[in-house]
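Visitor: Protein sequence lines correspond, in order, to chains A and B.
Quick note on numbering: full-length UniProt numbering labels position 100 of the first sequence as 100, and the sequence is numbered without any gaps.
Quick note on numbering: full-length UniProt numbering labels position 118 of the second sequence as 118, and the sequence is numbered without any gaps.
Incorrect hints may have been included.
Derived lysine to aspartate or glutamate pairs resembling DMTMM-like cross-links, with alpha carbons at most 20 Å apart [what the hints assert, rightly or not]: (1) A:K335 / A:E367; (2) B:K141 / B:E152; (3) B:K214 / A:E389; (4) B:K107 / B:D65; (5) A:K215 / B:D100; (6) B:K102 / A:E367; (7) A:K175 / B:E89; (8) A:K363 / A:D304; (9) A:K215 / B:E103.
It is worth saying that the hints were derived from the structure and are not from the lab.
The primary structure of each chain is shown beneath.
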Amino acid sequence: MTAWDILEIEPTEELSAIKKAYARKLKVHHPEEDPAGYQRLREAYDWAVKYQRTAVKRASVPVEAGVRAEEYDIGGNDQAEAAVEMDNYAEADVHIPTPPPVDWRDYQDPFRRNEKLIDEFMNRVEELYENFAERIDIEEWTALLDSDVIWNFELKREASERLLAFLEDYPFLPKSIWQLLDSNFQWSQEAFDEDHPFWDYASDRFSEYFQHQVKPYYPGLSYSFLLRAKNIDFDAYLYCRECALQHLIVNEMEQAEEWLHKAEAIFTGDPELLRLKGSVYLHTGRLERASEALGQVMQINPDDIEARMMLAYTLYESKQLPEAIQQCKIILDAKPDHIDTLSIYGKSLFEQNQLAESRNIFKRIEEMEPNASEAVTYLAAIHVRMIKELPANERPPLSELNKELQKPGAGKQLLLFLGRLPKIKMMFLFALMAYSWHVFTDMVYLNPFEFVLVLVFSFFVEEISASFFGFWSCIWLLFFAWIFRKFIREIRKAWRAARY
Amino acid sequence: MAFEEFKQRRRKERYLYALTSVCFSGKSAYYFAVNQQFKMNMSKMRGVLEQWEIHEEEQLKPVLDNLLKSGSREEFTQLQNYLSIIPEESRREAIEAMPDEKEESRKRADFTNRYLRRVSPRNIAALDYAYCILLSRYGMKLGYMEPDEAEEYMIKAARLAQASYSSWVEYATAYIIGVQFVDCVLPQKSPPYLSIQKPTIRKLFASRHSPLQKIDWNTEI
């Protein structure tokens, strides 16, 4: 059997084809499951790569020879010799020796020695992974990366590929360890390299997971609380937790909840899982269950400020205001300027009608962040309620509150009113109104006061006739009335906007 | 009975106008907020619809459906979920590490981080519901939609808003945060939205003639 047979490709000088074949066969002969098969595959791959390099070197020689012959222009005979030489090389190219069927592995002795070192490296990786405490200890991995294998360029490359293949099957490491390994082996850079065989054949799922682990902007959950778990299937648990996280991030709450339940069936004491549960319940409006889950986090880890913050938020939303205030106070004792907590605290106080205290809190937020949205709205609402509900001795002076609300005086309101009038439109309407009234009065020969009197009395007194009120005068009157209505409406709109 | 129906109808209308009173911005925002029931300039209404890329009748309903179903709140929620998993002290670093091609996401994540726990869990849905009502109204006035259909959308959005928030102040806060969330990817405006809007917001809350003062949040609709 030749190396090409093992790689299951035709003899080729294309390195990428060899690499792709190697990566494909790596799936079949996994180093852990089929060490002998993997050994054969690796040797075949190395041979094929060496063969390819030799072939490339050979291919470059005739060209160089040809160039030389032209440069020196050594005459017809020499040229003929050079041509013969080139033909020989061409022939050599045609007759590329195929790998000997049996003996080719005899050239691999140095490789075998190296392979032993890599095997030792991988055995240590396996040991680390199997022991959960060691698996999540970055010191252990740092020590591993200090081994001899890593200091040899060729061996490091080999170790990198085998480690990555291992991690495809056993990927559950803390994010910090993934990042350590990635910075050492440069996997994320190779992931964009089209010629890198592993990434061509790695599953999409693993590629995505890998990206999540090495990208600093993607969240990673803590593994440390799992140390308290005894005899659980860590990988099964971590798989469920990871799936829940992925669904939660893209707002697929039902699926997230399903995975959370599966994870919970394996282990229940993980505050990270409880926090995810809290998030799911909070965003699906099940506030009581969210409080319960977050309360459990507090029992496990009372110092978890973020979980406490989330608990305060949930309690405020479920209108358990005294409890929310209590949680806020605990956080503010540790972090007095925690703006998220101040916001919840202020809102809870507002809901509890503790307006003065609430006002102080929102004032503080406003000082910390001048354009804080909730400070603007809540302060306005607080000031209005203070004016309406509190006696003068229990609230700041009215002038101060009005100033806060930017309430204008009567003069300013009038100016606002005039400013709000659409001037050109008003002038146009006024001109139309004046003109239509003038035409109308010309037709009926009465001043407006007399006209109204005659019109009204004509309905009740037979002796008074409205016969002067002809068709055109009627049209002009209607036109006037229509314009007058528009005119009044503009005044009304301006007044509605100006009054306070 | 007919009078009762008329009163109920009027109550609903006024409630819907109140829900969209927060949608106006600029120096004349309060003027438009309190005068919505008066006839509005057709080209202005068309301009608003065009901002939402609604140029024809058929384009209106998908936009309204999207506003009811997901709208801008979808992205806000996703960012909220994402950020809430990252420890607080690492969030800024994580946001800054977002690649350059995710510039918009980075800006939005940065904004969401600011308001992570300062907005109701229904977050910026107020923005989607308010615009659903406003666009339905304008669509109806421009003849893009039958009045019954427009009313159905408006009532649906109003009920969702009512179920999501507990007061005008909560609703308005969510709306304001929503506008800034949408605007934060635009080139820096000077001055920012809130510094222009502050007097309008204050007046909406403070004036006894303002719709937010006159109409009860829990009005039956």
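Visitor: Hey, B:K107 versus B:D65, does the alpha-carbon distance stay inside 20 Å?
Guide: Roughly 27 Å separates the two Cα atoms, so the pair is violated.
Visitor: Checking one constraint from the list: CA of B:K214 to CA of A:E389, max 20 Å. Satisfied?
Guide: holds (16 Å)
Visitor: Is it true that the CA of B:K141 sits at most 20 Å from the CA of B:E152?
Guide: With a Cα-Cα distance of about 15 Å, the restraint between B:K141 and B:E152 holds, given a limit of 20 Å.
Visitor: Verify the proposed pairing of B:K102 with A:E367, using a straight-line Cα cut of 20 Å.
Guide: violated (32 Å)
Visitor: Starting from A:K335, check that the Cα of A:E367 is at most 20 Å away, please.
Guide: It holds: about 17 Å lies between the C-alpha atoms, which stays within 20 Å.
Visitor: Could you grab the alpha-carbon distance between A:K215 and B:D100 and see if it respects the 20 Å cut-off?
Guide: holds (13 Å)
Visitor: For a C-alpha distance cap of 20 Å, please report whether A:K175 and B:E89 respect it.
Guide: holds (16 Å)
Visitor: Given the hinted pair A:K363 and A:D304, is their Cα-Cα distance within 20 Å?
Guide: Not satisfied, since the Cα-Cα distance of roughly 27 Å exceeds 20 Å.
Visitor: Holds or violated: A:K215 with B:E103, Cα cutoff 20 Å?
Guide: holds (16 Å)
Against the hints set out earlier in the document, violations occur for numbers 4, 6, 8.
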